[in-house]
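*Asks:* If you want the building blocks of each chain, they are given just below.
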Amino acid sequence: MQKFKRGSGLAFSTPTIMNKYFLFFLLSLATTVFSYGQKLKAVYEYLPSPMATFREEVYFQNGVKTSVRDSLAQPKPQATDNANDDELSGSMSVTLDLGKVYRNIIIQKNNAAQLLETRSFKGSNYLVSDELQPLVWNTNYSDVDTLGKHICHKATATYRGTTLVAYYTNDIPVPAGPYKFGGLPGLIVMLYNEGVNPHYWLLKEIEYPYTGEIPVNEKYMNALPKLSLESYIKKEDLENEERMRMMMSKMPLIEGVTVERKKVRGSVEQVYEWEKN
Amino acid sequence: MLSKYMSGKKIKQFVGWLGLCLLPVFTQAQVAIHGRVSVKGEALAGVRIDLRLAADSQMQAYTFSDTQGNYRLQTKHSGKFVLRFRSLGFDPFSLTIAPTQADTLIDAQMQVGGVQRLQEVIVHAKQPYRKGRDTIELAVNSFLQGDERNVEDLLRKIPGINVGTDGSIKIGNKEVEKVMVEGDDFFEKGYRLLTQNMSVQPLEKIQVLQRYSNNKQLKGIENSDKVALNLQLKADSKNQWLGSVGLQGSPIGPKYYQASVNLMNFGKRNKYYMLASANNNGYDAVSSINHLIQSGSANEPGQIGVNVSTPTLIDNTPNLPNFDYRRTNFNNDKLISLNTILNPTAAFKIKWLGFANPTKKSFYRNTVQEYNLEDIQFTTTENYDFARKIDNYFTKLELQYEPSPRTALNYTGTLGSLNSNEVGTLLFNTIASSETTKNKGYLTNHNLTYSYKLSERKALVSSIRFISQQSPVDYSINQYYYQDLFGTNSVSEVQQHIDNNLRYLGATTHYVSRQQNGNFFELGLSSTYQQQQLNSQLRLLPGPEAEHKMVMYPPEFANEMTLRLFQTHLISKYTVKHRTWEVTPRLQVGMAYSGLINFEEQKRKNNLQLSPGLSAKWAIHHKGRLETDLFFQQQNATLTELIPNYYTTGVRNFVKGMDDLATLNSSGGTLLYTYGNMSDRFFANLHIGHQILFDYIGTESDLNPNFNLVQQRLLKNKTLRFYKGELNYYLKPLKGNIRLDVGFNTSDYETLVKGLGRRQIRTNRYDYGLSFRSSWKSSFNIYTGYLLQTNSYRTEGITNTLTNGQAFLNLFLRFGDNLQMSLKNESYRFGTMPQQKAQTYYFSDFSVFYDLKKYKTRFDITAKNILNTRSFRNAMLTDISRSTTEYRLLPRYISFGIDYNF
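Read top to bottom, the protein sequences are chains R and F.
Just so you know, my numbering puts 220 at position 220 of the first sequence, and the rest follows in order with no gaps.
Counting from 1 along the second sequence, just add 277 to a position and that's the residue number in my numbering.
Any given hint might turn out to be false.
Listed below are the simulated EDC-like cross-link pairs for lysine to aspartate or glutamate, each with C-alpha atoms no more than 20 Å apart in a straight line [unchecked claim]:
#: 1; chain 1: F; residue 1: Lys1054; chain 2: R; residue 2: Glu241
#: 2; chain 1: R; residue 1: Lys41; chain 2: R; residue 2: Asp171
#: 3; chain 1: F; residue 1: Lys515; chain 2: F; residue 2: Asp561
#: 4; chain 1: F; residue 1: Lys1009; chain 2: R; residue 2: Glu239
#: 5; chain 1: F; residue 1: Lys317; chain 2: F; residue 2: Glu397
#: 6; chain 1: R; residue 1: Lys39; chain 2: F; residue 2: Glu459
Calculated from the structure, these hints are not laboratory results.
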């Protein structure tokens, strides 16, 4: 059954006689609203590369989205042909070892100007605030694909230097999706970014109403050292750049020239707002 | 279900306010629909409201009700719409509306119902947007912004592709192996020629091929970490001519030039590439098409006879390791090459290559060789002035047929005519002479490979190869230095003709299988028949004072040999993989039937050959890796080791083999420990190895001032050991890598000298290197280092030691992407020899590039050998002699160049 929570004793059954003063009053009391209360849980499979799969759980309730991504890749199913991924890497391969990795938690509230996420850096966990502008989706596509039993529609959006391609379903009218993505007419069933290293998110499970708790301790999150996304990314870039320089300084010399390259991020994000010139 | 319609007059004020709050943009042409969603009179948030055209149910706008239940939608269209309200847990409902006013208020009351429960597991049958596991296909249109001049500009815009300032393309950290057009490739690593010249107009898709295999049938089975790009063209794309012209010349001083023209045309079906180049600045023009000439990789399973050829018996080319060959190469190279790839049908491909390379080379070499072995003490001098004329013609035809995606048939046939004519003016032990060496080679090589993919993880690759090669040499010298060898007859000229022929037929079939857990199994069977013929004859032509005008043929200096070798081998290899280690035992078992005929004399030998081995890798901890290889090997002696009688390899040396069909046994092991990787601050390698040659081919020398008779002999037990360490440390305050190299090589063996008998030799070589390479963010960078090498030979308690050093300082300066400068400084120091003081040679080269990308033009200025060092004396030590060789070098010159792409 549905359950409705009542705000602090205020009920307005005749919305047609609202006037501006009343509305002003209503807005100033943002806590005094009703919620429709039910939690939706969606589980995504996140594939940053063909070699690794991460589980990402997304909870959506009252316009608040919480996404929790595991820090460890899932064990590989035997059936997939991942046989030779486990090459004992040679000296030329680069694996950045940045210490302990914590799970990535994202909390995105409808009315908040910024979303909060936890990010690990060199073995420490940080609470990072991201002033991400809402994605502007282009839903003007006729492409339809059936994923699972859902008829899905294509939409695209520009996101931090790459193009996102999402397939959403109208059947589940929830503007949620994996990671920091959402705002479509329906739940995102599949999403990837266009490029050489596409990251894939595939919807695996849906549960509604979800009665369990959201496995996130906000107290713990709030106790973490705080950083803005910009300063976090700059910190991370600095570390990566140093690693790149360490590698460049060990590379064999190419006749006569030094080669400079633009950085390529391994993440979905390629160019951040503050990096545009 | 209930809905309330209201015209907006009454609450215009309110709407104005709301509009201000929610969507400040409000234009006259638009229709706004807004209202409030509630359930049982209470505001309901999170309801999706979408507006669709009634005609085609095309979605015009959508929104979700806010925490107050309010929503607002806008559309530019007018007419009939369907307004739908939908939320989980509530009955969806829709209204057909035809709003006429700019502001339409529609409130909605929802009722509990609809979808109450969702419990679903979604199975994605496919990953639809990845074409296979290792192929990523990108539509070019998604990345075009309209300002791309060439493919490179487009690639720069694709997230994840990294194009360096030099045009090199990386995906992640790996440089791409090649950039193909419709699966065809001309350039391999030289793909810049294509990516920097080809326009984006004909492109439709770009495919990124990860774990690329040259043989499609081995994809996924073979171990590969290669990446390649494939450009796919639009069906209606027109053939496009593109290319580049480069010119470089020195207007002042000595005249040096380099010129090249590249012209290419890529269509969907047919591709053409033409290259013409010429230079006299020391550059070996053929090296620019080496990758086109070589076919097939020797490391791929199922290949046979890849490196089979006739041995080179006389070679005067300077051999200076670690020294830029262009400094000693006085040349005049010309090269013209034509290449084409035709695809008459999707399953059939024809590739053709042809080139001609008329070239002149000259070099100057003065050698002083000193022998100081007990009673044998003398010094020889050779002052050489070579002029070589080369005429090489080469053609290669490749046919590929893929009747089904699982099978491929590949034929490669080559035909070559390799001619050279060399005249050497010689001052040997102060007596002048003239030496000529003529090579008239002919080569044909045919290979047919059949690949069959049995399943995703199993494949069969079979090859058959036929080679026929003739490399005759005519040698003559117009001076007679060999009185002590052949008597004091009057001889005007010494001549030697060599017939050096090879016929080879080999067939192999390999079965390769990769299991799910990564274990890899390979089984191969091969049979080869090789017939090599070597006829040589030394002729002494009578001089004017000769008593008998008769040509002399010293019988000890003539060969008429045929070596037949029939071998059958079974090769097996099995890799067992675990998360942190892998072990590969391997075994090669074979039967060899050899037959050697010299004149009438025949020898035969049938023997079993056994070569087991084991290699292993182990990740001891997350930073450290250990790799090892152990082997025992049985090999047959090769042709040059079996030549029964003497032949000459130049003015002073007469060589013969050991005339014994020996089987050479050896065994050894290596151990490599690696700590960290390239991107770590500390990165180190330690490598040690030990090898015992139970049988080895040593030499017995008969040393004379005017000639050496070198006889190869089968000796026992030679040991070789090496210890090598490389340590890298990234110094943070200096922002650069400091590298220390330490190496020690030692060997113990015997050598024989006529008159002195067997001599035990111990050689030691110590290598030290220290270098620093900066990785500064600034436009300036340096790379500098010093290398020191000490060689010593100890025999009979006497040690000869030579210490040579080398230093370099390279400076790089870069202003933006357009202007780059580099200054390369080198010094070579050769240690003290009994008759020569230590000497140091300095070299300095400067170059500057300016790239005018807008006009596809690059300018450069190059200054070579700024210090104008005209000669270079290299010091060397061997187990019987000390020698110094002086080479003449190309003088200082400055050249100005321009490269234009079209």
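*Asks:* Broken hints, numbered, in rising order?
*Replies:* Structure breaks hints 3, 5 and 6.
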